[in-house]
Amino acid sequence: MAAAGKPESEAVVDRSSLVYGRIPIEQVSPVVHDGRRPATALPGESIRVAATVYREGHDALGVSAVLRGPDGEERQRVTLELKAKGTDRYEGWLTPESEGEWSFTVEGWSDVFGTWHHDAAIKLAVGQDVELMMDEGALVFERAAAETDRPEEQRRLFAKVSDHLKDRSIPAGQRFAEATDRGILAAVAARPIRALVTESRAYPLRVERDKAGRGAWYEFFPRSEGAEWDPETGRWRSGTLVTAAQRLDAVAGMGFDVIYLPPIHPIGVAHRKGPNNSLTPGPGDPGSPWAVGAAEGGHDTIHPDLGGFDDFDAFVDRAESLGLEVALDLALQASPDHPWVQSHPEWFTTRADGTIAYAENPPKKYQDIYPVNFDNDPEGISREVLRIVELWISHGVRIFRVDNPHTKPLWFWEWLLGKVYEIDPGVVFLAEAFTRPAMMQGLAKAGFQQSYSYFTWRNAKWELEEYLQEISHETSAHYRPNFFVNTPDILTDYFVHGGRPAFKIRAALAATASPVWGMYAGYELYENVQRPGAEEAIDNEKYEYRPRDFEGAEARGDSLAPYVRRLNQIRREHPALLDLQNLTLHNTDDDAVLCYSKTKTVMDDDGEHEDTLIVVVNTDPHAVRMANIDLDLNELGLRPEDVGDDGAFAADDLLTGASWRWGERVWVRLDPFYEPVHIVQVRRSR
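One point on numbering: in full-length UniProt numbering, the residue at position 303 of the sequence shown is 303, and numbering is uninterrupted.
These are calculated hints, taken from the structure and not from any lab test.
Please note that a few of the clues may not be correct.
Claimed, not checked - Think about it this way: if two alpha-carbon atoms lie no more than 27 Å apart in a straight line, the pair counts; the simulated BS3-like pairs of lysine-lysine are: (1) LYS419 / LYS365; (2) LYS123 / LYS160; (3) LYS419 / LYS408; (4) LYS408 / LYS364; (5) LYS83 / LYS600; (6) LYS600 / LYS85; (7) LYS166 / LYS123; (8) LYS85 / LYS123.
Quantities reported herein were computed from a predicted structural model and do not represent experimental measurements.
Build out the structure end to end from the sequences listed, making use of the hints.
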């Protein structure tokens, strides 16, 4: 037993292994899997950084976020603001400017000036410890002036303020006022006076190229572009990659920048599907492109009806000359005729009766497709898929739309996408996964740059508000939704019953709410007849040739193409629409009128300014709707010079050309049969 008055232990206080630093920093975001996987961003995209930071006692607290480039050098430092009183949750924005492996940290620190400013203001008001507070303020500025890494101009200013606070010949109130005037506050805000600085660990931030999360996609089937009916044989003659290339000018002319092709490989004969998913195909029926593989080859082969690799290379070159990038389908499944079935039967699942299991999504059956099993020979099938991806990369493909990735294990995607990233960091993968939220989020965290989304089924105002809040504020650290308005598989009742206004509404929503959106050929022709018993178009192009008279429809004024062209032009002209996290919802008093805004700081020939768009949508395609909108002006980035004496600002509709004076409360009338959408630019004073 230790002697009386002696310490029990001489232990050294080692804090290196403790969870808490001097200032506790918790729940940092954006963080994926505790930093084992990177959060993602795009060049020039403002990303929301947040953390819970607090301390003991009542002294003022400051929080900062620090962004470091791929070289490890500091590129940006911002002060995070308290999100709401009493929450200890701080939030701010960082903006990486180029591609690469970036990182960020959060710093918590004792706000020395803030503590003194708060205490001195209170005590001076009641005449308590007046000169003591002046002396303590002098010490605050004296210490700041001694910081050798502080700008020399500030050091001289703070030394002068310190001497001023000590001068008892000047009334204390005057000294305090001059030590806390606008210039001093601005200097302290620019470079806070800090103590007890505590830094979080560094968290990874992968900044990927623009096409990873920005763009407008258009999908067509090459075999339909240029397909012709042969009256002599009574069969269709397939279009080719050469004839499909002739359609690219029109696609680029609508403002799209990605052309997506369904699988272009040989199609199996066994259990081939006929028109409208029938089990009795005719001799000239082409089958589903997703039934990959036949005697001619598999995923590394082009369907002979479409041409060869020279034709594909020419297609890619033509697309690139028009500003289009080719995205190719990666469908990891096989028809019963695929060469893998004979050479690698272990890559499939064998049932109790000895047959290979075909794809099912009860009650749907896909007898023409065998799913791949990754458990029997994981290394073999993984190496084969990587070989196939590398082959298509060598032919100019840097975007892959992956069919049903949620039916393959996540470890495989994490491995494959990691390997491809090592080969070419610019390769983009889009997950076609309409499945449970956890799996969709898991695919994104595993490395998929984009994903199909639930947008297609979110049609009511309340559904859209809920979903837009989720994708822009809750999952945006890793999940980038591609807002496809339709696909060959999907034609919702909203289009069937909403008619032409529905097509306008959904296109405008997709093009403005998400930085990346897409549509499937025929959307511009208002195709809205469902196949009985299915949520997809009748005479579905998955199972037959579908040539269309796009030019004739536009000439007759029977096409949505001009409207789509305008939407994509607005996107190109307004960077605010090309970020994901900057969406703000605004309240309206009608259950069908949706309102949101997007704001982004941009630099152009006139200097730095805010690009702000307000989108108002009548989600009801059947009736005129009127609503009052309560705009949150703080979220619009308005400067005093942008607002008149009446509290209003100039609002220009980019669709109709109309202009108004809008303020905190706005009344709108939206007619679905004329124009169901306002896309309003906030006009800035120059």
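Checklist line | List of violated hint numbers, smallest to largest | finding: Failing hint: just 1.
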